[in-house]
Amino acid sequence: MKKNWKRLLGLDILSDKYAYSNDAEHGWTSAEKIPEKWVKTTCGYCSVGCGMKVGVRGNRAVAVRGDEDHPVNRGKLCPKGLSEHHTLQARSRALRPLLKHKSEFQPVSWDMALDTMVERFLAVQAKYGKQALGVLSTGQLVTEEFYALGKLIQLGFGTSNYDGNTTLCMASAVAGYKRSFGSDGPPGAYDDLAESDLVILIGANIADNHPILCQRLAENRQGTVVVVDPRVTKTAMLADIHLPVKPRSDIALLNGIGHVLIAEGLVDAAYIERHTTGFEQLRTHLGAYTPSHVAGITGLAEEQVQDIARRFGQARAPFVAWTMGVNHSTQGAETVNAICNLSLLTGKLGFAGAAPFSITGQCNAMGSREASCTSSLPGYRKFESAEDRADIANLWNVDPSVIPTKRGHAYPDLVEGMVKKEIRALWIIATNPLVSFPNYDVLTQALGNLEFLVVQDGFHPTPTTLHADLVLPAAIWGEKEGTYTNSERRVSKVNAAVPPPGEALPDFEIFLRTAGKLGVRDKLFPGWTGPRDAFEEWRQVSKGRLCDYSGLSYELLETAGPVQWPHPEGMESTCTRRLYGDGVFEHADEKAKLFCIDWQPAPEQPSRQYPFVLNTGRTVEHWHTRTKTGEVEMLQRMSPRAWLEMNPLDAERLGLEMHDKVTLVSRRGQVDGVELRVTSIIAPGHVFLPFHYFEYNSNRLTLSAYDPISREPNYKQCAVRVERSH
Amino acid sequence: MSLPLLQRTADPSFCRYTPADAESLELRIPLRAPVEGEQYRFHFDMTKCIGCKCCEVACNEQNNNPAEIRWRRVGELEGGTYPFAERFHLSMGCNHCLEPACLIGCPVDAYTKMPDTGIVLHSAETCIGCQYCTWNCPYGVPQFNEERGVVGKCDMCHGRLSEGREPACVNACPQGAITVELVQIDAWKATNAAAANAPGLPPAFETMSTTRITLPENIDDSLRKADYHRVRPEHPHWPLVFLLVLTQMSVGAFAVLLGMGAAAPKLAFLFATAAGHAALGFSLLHLGRPAHAIRALKMWKRSWLSREVLFFSLFAGLTAAAAPAAFFGIGPVKPLLAATVLAGLAGVVSSARIYMVPARPAWNSPRTLVEFVLTGALLGSLLAGGPAGFTLAAAFAQAALTGWKIYAMRTSAEFEMKQSARLMTRTLRNHLAWRMALLALCLVPGLPVAVALAAALGSEILGRYLFFVSVVPRNMAATFFSGAEAA
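Line order of the protein sequences matches chains A and B. Under our numbering, the first sequence is numbered contiguously, ending at residue 726. Under our numbering, the second sequence is numbered contiguously, ending at residue 1213.
Misleading hints may appear alongside valid ones.
What the hints assert, rightly or not - Think about it this way: if two alpha-carbon atoms lie no more than 30 Å apart in a straight line, the pair counts; the simulated DSS-like pairs of lysine-lysine are:
1. A:Lys517 / A:Lys421
2. A:Lys37 / A:Lys6
3. B:Lys915 / A:Lys6
4. B:Lys915 / A:Lys17
5. A:Lys661 / B:Lys1144
6. A:Lys130 / A:Lys661
7. A:Lys6 / A:Lys102
8. B:Lys1027 / A:Lys17
9. B:Lys1060 / B:Lys915
10. A:Lys40 / A:Lys6
11. A:Lys6 / A:Lys17
12. A:Lys130 / A:Lys523
It is worth saying that the hints were derived from the structure and are not from the lab. Fair warning: this is a prediction, and the values are worked out from it, not measured in the lab.
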């Protein structure tokens, strides 16, 4: 009270809070932001994989700085990274295990929580079969946790119905690489953005989504930057050439480029002959994709198609990078194949500047791809290969018969399994499907069918934890140790800066304790106490594989900084490298495959009743479903709610004005009260809605259409109508 | 496999591990301090900025500011037609002007134009939280921090610059779009700061902004601020609404009483005095630091706010002498009253001049002075029991002035004026209607004086409320959402 009076009179102006002082490393800054120590780690948001230092005072993270020695970001961070320490102190952190009792959450002990979880899971499995337990994880854990979780699920619980939210994000790239090259693994490196003489970004708005990569693009002074995107994104505006294609016409464009390359003799016949299969079929197939045909599908001019093709053919080192514009499609994997075709036809991959390169989504989606038991066995081993199964069974010291011969349900099939009541219990780890999974109503119906739902997350409440029967509070970035692998296969050390809040535990510890309750801890994780034990085993499991970690150690990563795989034992160089420089691929015949891909229209076309094509995407201030960034007040204020982008011509026709509140309606559902942004960055007939906001959930509109190969949802196009909200 | 993996992938000719470039610091800040005739300035390269807002976040972290305060802001400009749409971003801290409007208006001398660096520095210790600088700066740079009760602004991280480090925003920018440079002051003046101009910004010569802005070539004519269509009412500043209305009523009443001579009702002197003193009480509530109000007198030679405080203090003191003198009929009543009215009128003029600033176009007109004087005439006449004809004329004039103001703003070429008119006639149209209705009510013949006074007072309070909330300040472009409430 006394303080209040002094403040009201103006005798107290909070001088201590606003004082400055000198940080030994970073100089003059707010005194409250000066830590006792800096802890090196890697950013926990996206897959760019920026190095950072967390400033710690007592048990509190007070500041974050970009790591100037880190080869990825060179000291820079995006606005989410710059404020990441605030997520640790979010009000909505999950603090203790909560068990739902008569629709009320009751705090329980960890022992009780894990006993209950294991008991209920085993009961469900006993009643409906082992496969009735599903597990849905994430790209947010450290590799050590993915590796441990994979073993726990596959060998402990004995179910293969395990997938990650990476299927909502990168599955098409994974599947595409596997088909073209015989293995997952992005062949290029970020340096290529600077070194290529032709950078083509397809469906990749890096200025909003991977802003730290833009500095690499800015270093590229001679090269031409081409952006293929239906929307005039910030990235498109940075480009030398923007190709505003119609939504989902990229396959036609890629095939058209292939057509011109072949027709004008811009292919490398020797490379094709030596390192690929399927050229003759592809040549015949591409015959139909003449520039005029492609122009009709893409909405580009014939000359634009020819021009980009010739540029590609004449480039020394063309670099094609993509993100969700390609992946979020029923033809995602095939689009990746169509991209890889171009690199293979010209033999331009595997050297500096040249690669077909998927820019990944989450901080450790790559670790999940490499080390978990979701779409592959650890080390890019294939479920389908008897040799690979025997190999991993041998490493794990188990009978090969316990390794399934095919992957379990992918994410959307897990949900369908729940709808059909084949899946009766589910363990969700560090993901928020109520916001991120398409067709909200189907998902809620699916979750309603479960007998037991466990949600393990750093945050509670989230729209998903509210559905849980049991909430397990987990540590998040900044509170645990391990490694992340970024889009360019670079393995970075992740360190704990502060202890987790309340009773929250690192996911790794939760997995070990669960194994203990299940009675398999000594068998699966003998003598393990921390993530280092998992890393040591993972090194051995990855040995000799494409993603070879065997030469890496925590000590090397701490001293030499982040290193790309493959890094086999005995290797000393930690410099930037590419895959497939020798033209030897991972298929059995060591050749890459060329695929004949047909362009197909998007699954739901606009109609009289639903005349707009809805496109979804991100904004720079937010991460995924906003469980983290929504708690960072600075970011939340910058982008407080969803907006709908609409072309001025459409707005005028509908009698709508800037800032009007509108309702979007699709065949699945509707979203109300979205603020209209009338803008020319979007084409007439299209609208754009960011997907971060549960309050304006784009997934009430999106459809249940999945890539038959990768199982990735088609988030990017569905048909909606827009009307004024009432 | 033809080759071991190690050899397949580790061709050293492609090795390009590049640690942070040690030399690039000199590209971001000057390596020497300014010499005589020079000062620091920001350079912003609009062609490089990707609108990531790292600078905003880094600035707030550097200065420990709450989320609602942004010493550095990023705005958006948009134009063109699909697919040739354009969207540019403008990041701005303080422009460290050669003729800083914030400094010139400050009543307590809280601002310093540092002689060696040219940085416009604000002292939180000296500041009393009057917020006058926030009205004077045409870029919206100084911002009032509610939590502290004082204003704050970008100081170019001079503490960092002086130790050879770049400001936080410069350090954080991944695109190298923000740098610090040296500017030759005379040469810059000679160009009228032309290179500081950018679409959506007020003319740079008005305050001689020093920020050099590199613009993209061939900017589309249709480029507009992203917040072009978002017009929000400004802060009402209630204590100031009462300060203005009551001081004007008090001064008006004394003027009328002086004019009435012996016919003046005695009790009215007391009422008028009470109104004047209450007004000064209200003024304290406006300050972030009322305990230091006395400091506001300091800059009377330069600041209209200091002059307002000075004249109204004098006025209040004189009323304390003049009113009892008139009430009891002792002492030199007439000279005392005349002095009181003079001080009061000087106060009212000073009040008006405070608001007549280029950064707030709707206020920057002689209409503001006329409006204040008419408030005094109308309320003063009603309070003092002045001639009915005079009261009626004042009410008529005030109504006509309001109409004229809206007409003039609506037909103005200036964006901010048009938007002010739009606010008055759309968002605030109910307030405006009540204001006019109450004004009309005092014109009803035969109305009891108390009722007429209440109606007029209500109308004038509404009028002054509208005055504050309907002003659209000049500013840089905002983003689509800035100014929107947090969800």
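Here is how each hint holds up against the structure:
1. A:Lys517 / A:Lys421: holds (26 Å)
2. A:Lys37 / A:Lys6: Outside the cut-off at roughly 34 Å; violated.
3. B:Lys915 / A:Lys6: violated (45 Å)
4. B:Lys915 / A:Lys17: violated (39 Å)
5. A:Lys661 / B:Lys1144: holds (24 Å)
6. A:Lys130 / A:Lys661: Violated: Lys130 (chain A) and Lys661 (chain A) sit about 49 Å apart, past 30 Å.
7. A:Lys6 / A:Lys102: violated (49 Å)
8. B:Lys1027 / A:Lys17: Roughly 34 Å separates the two Cα atoms, so the pair is violated.
9. B:Lys1060 / B:Lys915: Between Lys1060 (chain B) and Lys915 (chain B) the Cα gap is close to 52 Å, so the pair fails against 30 Å, i.e. violated.
10. A:Lys40 / A:Lys6: Since the Cα atoms of Lys40 (chain A) and Lys6 (chain A) sit roughly 41 Å apart, the hinted pair is violated (cutoff 30 Å).
11. A:Lys6 / A:Lys17: Satisfied, since the Cα-Cα distance of roughly 15 Å is no more than 30 Å.
12. A:Lys130 / A:Lys523: holds (19 Å)
The earlier numbered hints that this structure contradicts are 2, 3, 4, 6, 7, 8, 9, 10.
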